[in-house]
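Novice: Sequence:
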Amino acid sequence: MHSTTSADPSTASTPVAPYGVAIVGTGGIANAHANALSAFPDQVRLVAGIDLAPDRAKAFAERWPVSRTASSLQEALAEGDVDTVVICTPPASHGPLAIEALEAGVNVVIEKPPTLSLRQLHELAEAEERSTGTVSCIFQHRFGPGAEQLRRLHANGSLGRPLVGVCNTLWFRDQPYFDVPWRGKWDVEGGGPTMGHGIHQFDLLLDLWGPWTEVTAYAGKLARRTATEDVSCAIVRFESGAVATITNSLISPREASYLRLDYELATVELDHLYGYTGADWRFTPAPGADDLTWTAADGERSSHQSQYEVWLRARAEGTPPPVGLTDALVTMELVAAIYQSAITKQSVARTEIQQGGVFEERMDGFAEPWNEGKTSA
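So for the sequence shown, this note's numbering puts the first residue at 284; every next one is plus one.
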């Protein structure tokens, strides 16, 4: 699984900025992408807004500097001016649309989750191998102020060994949120808060602490009418020997996104909600380690714009795009393992989830454990 592979590099043209970008799906999250991309007018042109609903696409084009609208990706690609397709549709169509774009030799930026299943992620990687295009997955919390400093301190051993972590995504969504037809369905959204909400926060945890090895989890439907879980809790062990708890909830009235990393020589905390700044970090050295310092990081909030800035830099330098499919696979494997552990009531090793099976095909293993009329886990 590679981030940048060309089916025939000798015949591939080298595009130059400004890159023509088409956004597929012009609902809510598309506005975050359009806003972020609009910050780079010399490097990006929004050439198309694509939606099955013409009125929605028209409204989107009136709000943002979009050249035209289209009702399908095929129609938009026919113009020949699309360098990159940004996929903002409901999750079930992420994989098929990304493969369609790659088969046309076009780059892809894809919202989370990149696919509904590990099987689809592997199929997407195979399509990327055959294509001149690349895939970048949106996990924008990796790119906020402070994250790079912590990566550096972690990598050079200044903080000592990682020991204990806490990763909480405690959000609140009322019942009308779940009543939207495509939400809370395994075959459309792929899961509940584990798949679609907390994934941002524990993706940052995995990016900082490296590969995981084993997980024991609980998940259930405690308060909402939905086919998926509305809460999950997991204990995760890492290759380093460190352990962390991960909680993903959509039923928590006081919302918070919280990451706490205890090293031998310091505790590092990040407390925010939907995006963080340098001021949201807290650094506490251990007794006797007062020589350790943390510089309050300046910069923009962690956001789509911060990831696109890195994406554009990679384009200019000819390096792999940020958060390629290999990176996303580690996170998606943890999602699958959390569901498998919660549903089977057994611990799951990463090596086990990599061997395939029903949880590679669908995150609930086709068990539909929290559907109405079935017994909750």
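Note that these hints are calculated values from the structure, not bench results.
Cβ coordinates follow ideal geometry from the N, Cα and C atoms, glycine included.
Just to be clear, a hint being listed does not mean it is correct.
What the hints assert, rightly or not - DEER-style ranges, computed between Cβ atoms:
id, residue 1, residue 2, range
1, K628, R434, 48 to 56 Å
2, G363, T567, 18 to 26 Å
3, V641, R413, 23 to 31 Å
4, G571, R346, 30 to 38 Å
5, A506, T602, 20 to 28 Å
6, G363, G601, 33 to 41 Å
7, G503, A632, 19 to 27 Å
Novice: For each hint, tell me whether it holds in the structure or not.
Specialist: For each hint, the structure was consulted:
| no. | hint | verdict |
| --- | --- | --- |
| 1 | K628 / R434: 48 to 56 Å | violated (35 Å) |
| 2 | G363 / T567: 18 to 26 Å | violated (55 Å) |
| 3 | V641 / R413: 23 to 31 Å | holds (27 Å) |
| 4 | G571 / R346: 30 to 38 Å | violated (56 Å) |
| 5 | A506 / T602: 20 to 28 Å | violated (45 Å) |
| 6 | G363 / G601: 33 to 41 Å | violated (23 Å) |
| 7 | G503 / A632: 19 to 27 Å | holds (23 Å) |
In summary, the numbered hints that this structure violates are 1, 2, 4, 5, 6.
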